[in-house]
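Keeping their order, the protein sequence lines are chains A and B. According to this note's numbering, the first sequence is numbered sequentially starting from 1. According to this note's numbering, the second sequence is numbered sequentially starting from 1001.
The hints are all genuine.
The calculated DSBU-like cross-link candidates involving lysine-lysine, where the alpha carbons are at most 35 Å apart (straight line), are: (1) A:K505 <-> A:K213; (2) A:K213 <-> A:K325; (3) B:K1014 <-> A:K325; (4) B:K1014 <-> A:K320; (5) B:K1077 <-> B:K1113; (6) B:K1103 <-> A:K505; (7) B:K1103 <-> B:K1077; (8) B:K1006 <-> B:K1077; (9) A:K213 <-> A:K442; (10) B:K1103 <-> A:K201; (11) B:K1077 <-> A:K184; (12) B:K1014 <-> B:K1113; (13) A:K133 <-> B:K1103; (14) B:K1010 <-> A:K320; (15) A:K442 <-> A:K12; (16) B:K1077 <-> A:K505; (17) A:K442 <-> A:K201; (18) A:K505 <-> B:K1006; (19) A:K325 <-> B:K1006; (20) A:K117 <-> A:K184; (21) A:K320 <-> B:K1006; (22) A:K505 <-> B:K1010; (23) A:K117 <-> B:K1103; (24) B:K1103 <-> A:K184; (25) B:K1103 <-> A:K213; (26) B:K1113 <-> A:K505; (27) B:K1103 <-> B:K1113; (28) A:K360 <-> A:K392; (29) A:K213 <-> A:K201; (30) A:K505 <-> B:K1014; (31) A:K213 <-> B:K1014; (32) A:K325 <-> B:K1010; (33) A:K213 <-> B:K1077.
Honestly, the hints are just simulated from the structure, not real lab data.
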Amino acid sequence: MSITHPNLRLTKLAGATPAWMGDIQAQDLQPICQNIHDGGGRLVALWGSDRRATQQGFALHTLLVNETGLICLNLPLEEDHPAYPDISRIFPAANRMQRAVYDLLGIYAHEGGDHRKWLRHGAWHGGSFPLRKDFNAAQSRTDELDAYPFVPVEGIGVHEIPVGPVHAGIIEPGHFRFSILGEKVLRLEERLGYTHKGTEKLFESMTLQQGAKLAGRVSGDSAVAYAWAYSMAAESIAHVTPPDRALWLRALLLERERVANHLGDLGYLGNDVALSFGFAQFWILKEQLLRNNAALFGHRYLKDKIIPGGVAADLSAESKHVIEKECAMLEREVRLLRGIYDEHAGMQDRFIGAGRVEPKLAARLGLCGLAGRASSQAWDARVQFPCAPYDKLDVQLATYRNGDVAARVIVRFDELFESLRLQREILVNLMHGDELALPLEKLPGNGFGIGMAEGWRGEVVVAIHTDTEGNLARVHPHDPSWQNWPVLEHAVLGNIVPDFPLINKSFNLSYSGHDL
Amino acid sequence: MYPIIKQIFKTGIKTETAPQPDEALRVNAQRLQQQILDTFGRALTIRQVDAGSCNGCELEIHAVNNAYYNIEGLGIKFVASPRHADMLLVTGPVSRHMETALKRTYDATPEPKLVVAIGDCARDGGIFGESYACCGRVENVIPVDVVVPGCPPAPNAILQGILTAISTQK
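Build out the structure end to end from the sequences listed, making use of the hints.
So, in structure tokens, the structure goes:
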């Protein structure tokens, strides 16, 4: 591990993703974060847990990543004063995560500049915390309306446009507060949390298998990535490695999920600049892929096909042929459509320069995943930390430096072609006869495991803590949208309001995955 | 321009036959008169409301707009405001944070209005059920005419649900 700190003792976690963990003291949190930051590392996720049942108070878990892998810092907190040092000055992405951790668990950052609520609107009292084990849902219930102190922008000619939570399209709910001068956006402030469904609390009442189903429904468009990350975390705790064939099939499913989402987005990006031809064409291709998914695997979005211990789907020799034909068809058609997109002056006029995030800003704010790669942030878990079978696939990273809508379109095209290549390679390597899953009924007690999968949007991480009996004590799914939502606020600055839908679509972030 | 036209001709017409209404999907009796239904049948406008879904149902609602299901070819289209809508297409378990917004959207929709609940979570709360954060099924918050089960329901099933809501029992 390439991080050293006087009081830091790291132990390696078992499992497919290179990950370490260590207990730290409060005074070490900021220096270690600074150390990782200065070395080019990032904040991946931040969550808390209630360990009062075993007289250990609360704990804050900070998940960082550098070039060698994931590092989980566990900071024990006193029951009476569960406070920890603010890290949002080092990692701006920590701001909303810290506020969410307070809303849900009641542990808070000292000296944090922003103490506004984040995931809590009016469903439960401010002084009650759903993720505490003694939370009483009935007594905490309120029906308050959300009163949220947006930052006001004043000046001659400035006006506000409030949008949402119910949006003017088929989109998830959220609120956007634009401050406008003329046609240009002076400031955008997001208000999220509308789709908060108590997902993390729900995991705690579930079995390992039920949890896998729920993981696939954290963000419906990333069902495979979440199910894989969840299963990987469970397998890490149980010291189980799924059969080879199951791992190849998981990668096949993940790449198919990526292709489906990229096809859909490329169609909508055409639609958003009034080229409905693009929508029609790409969605024909997407529909063909989804129908193949249904015919070959039994579900159009491949839900519930990855289970702890392996997979719940198989592929016959004839089915391989269907995918090979599909890949060839997509390769041909998407190449043709890319040519049309590239040559279309009106479309490129809208794409180029819109919603630009400079690489420097992207690095500062921690932009990750597909949007990060379009702003020179060269992170892809399949490339840096290739868990099986990606270690045999040599994934080509798609990056671009312009950071505008056009760049995010280019990265989508490049990744789509790479996914088609990967699928073909997976089919060659997929040997018949192996088992599909090892039995994994229950996890060992007092376990902790992390799983990470590079979903189509970015890195999806799931952390699992088990109690003394091996039940799910705490499950934290993390969506890359946490990092990328705040960057959208910067991306739209100086752009005209009518370009917002286009810029927003070019990121296509998850609300449900963020609101939990 | 030439490559676009060539591609359109090469693609041809993909649209498939629309499904027949299915009375089994109806949860409340049809309240609308035949005369109104005839009008809706030719020009129905829908406001989609995600009241807390995982976005899986949204993917399939997007898909009913694709060339295979071609909902606009049936005279049905999605609109940007409840004030322009005849029907609300609601997904979710309804999160408590969306309860007020959903009620307000329903109130803002002019009478006569129809509500179609899409997906297992909208039908009965699904995997999320009722909790400190979820109100459960859509009917716990606003009246519902037709329910389409599935996780998510296939585009054809969604289309069938919509067509059922604007049909009468024969």
